[in-house]
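Asker: Each chain, letter by letter, is given below.
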Amino acid sequence: MTIRGGAPGGRAPTGADDDLNNLLSRIATRDTIAFASLYKQTNAKLYGVVARILTRGDAAADALQEVYVRIWEKAGEFDPLKGSPLAWMATIARNRALDEVRRVRPVSLEDQPEGFEPAAEEIDPLAPRERSERLAALVDCLKALDEEKRAVVLLAYYRGSSREALAKRFGRPVPTIKTWLHRSLAQLRDCLAS
Amino acid sequence: MTVSPEHDFAVAEYALGTLDASERATLAARRLREPDLDEAILAWEARLAPLAEAVPEIEPPRDLLPAIEARIRGASPEAPGNGAIVELERSIRRWRAMAIAASLFAGVLAIGFIARETSRQSAPHEFVAILQKDAASPAFAVTVNLDKQELTVRPVAAQAPPGKSYELWLIDSKLGARSLGVIGDTPRGANLSAYDPTVVADATYAVTVEPPGGSPTGQPSGAPVFVGKLIPVSP
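Here the protein sequences line up with chains A and B, keeping their order. For the first sequence, the working numbering begins at 10 and goes up steadily by one. For the second sequence, the working numbering begins at 1176 and goes up steadily by one.
Be aware that one or more of the hints could be misleading.
Per the computed footprint, the stretches of chain A lying under chain B, defined by three or more beta-carbons under 8 Å from a beta-carbon of chain B, are [unchecked claim]:
id, region
1, 72-85
2, 159-172
Each computed PhoX-like pair below joins lysine-lysine, with the alpha-carbon atoms no more than 25 Å apart [as the list claims (entries may be wrong)]:
id, chain 1, residue 1, chain 2, residue 2
3, A, 187, B, 1349
4, B, 1404, B, 1308
5, B, 1404, A, 91
6, B, 1308, B, 1339
7, A, 83, B, 1349
8, A, 83, B, 1308
What the hints contain is simulated information worked out from the structure, not anything from laboratory work. Remember, predicted model here, so these are calculated numbers, not experimental data. We put the CB at the ideal spot given by N, CA and C, even for glycine.
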């Protein structure tokens, strides 16, 4: 059912970006055929974003529905000059998933279902792969962080880990994690600006 | 754009996702009213967003498109016979009519009492806020009487999702989010005597979706779905 955009696990080529840009501008004019096409091309990607944060299947599926309703409502606000269409949609998906995961209670990594081993499945954007220019720049800046501090940022991004969950996982007090986050984020911001 | 360093950390953590529910809800409400803050959040989201490229795809457990399509058809303003929108337009017309009537009445009063002392003219006492998701979708009308320290909230066009409750919050930059209670289908009041009048007048009012009966923690469980600020009923 799903048409994969781009190389497996890799970055969608510019042609796919153009295609998604075009679909989003049609969706802004309330084109439901464009909407169905966008869903088919992107649902597995956005489910990948949401399901890593909301590890229970029903919560992730509910959130994905909300995400596409928001994409429908906000398509007119997308600006291709500020980033790729997939990055824009993934941001909407993350925000929805984060609202939901914080809603119940702070999710700790100990809450993962039995047999689920996060360490075996961590996403490593630094691994060799095809990258957009924007990701390549960000990866260069991430490489400049200490390994542990980089892992904190990536777990927060991909898993939606709270400060408390990160404190447990890294055996540090919450204020230390907060300081790490602030330093790492400031370093990333300055590095990306240079 | 002027965002203090401390502020920027909160914004950066919002984009990364490490804020707790209350901090998150407070920023989510403020960004709808503060363009500088919103811009700072968008900039941070754009810095981190390329990371999503590396996320491996996962097939959803079932085809969700039919359910999503049903929802967007229901939400489309072009959909014929959309009762909520019609009711809303009526409400807006009523509000306008009331505003015109009120200003005419005020005019009559002004003429009638023009010769009397004007010592009672001071800061405004009556305020109104329309809580909305965007300019086209007002959902709740909030009125506040500062003299009586009373707030009334009236649903305009909002219905809580099945099995959920709407909860109203007063959000102040120092106090954080304070619950003003769960909102049903009928107008209801809340007492504001616990708050300083300047806090009441300057606060952001926000509605969140909560489990039935309201937030179990006393803090907003998620980002607000409707927000608004008070404006004086008369200048």
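Asker: Decide, hint by hint, whether the structure agrees.
Answerer: The hints, checked one at a time:
no. : hint              : result
1   : 72-85             : holds (count 6)
2   : 159-172           : holds (count 9)
3   : A:187 <-> B:1349  : holds, 21 Å
4   : B:1404 <-> B:1308 : holds, 13 Å
5   : B:1404 <-> A:91   : violated, 30 Å
6   : B:1308 <-> B:1339 : holds, 18 Å
7   : A:83 <-> B:1349   : violated, 31 Å
8   : A:83 <-> B:1308   : holds, 12 Å
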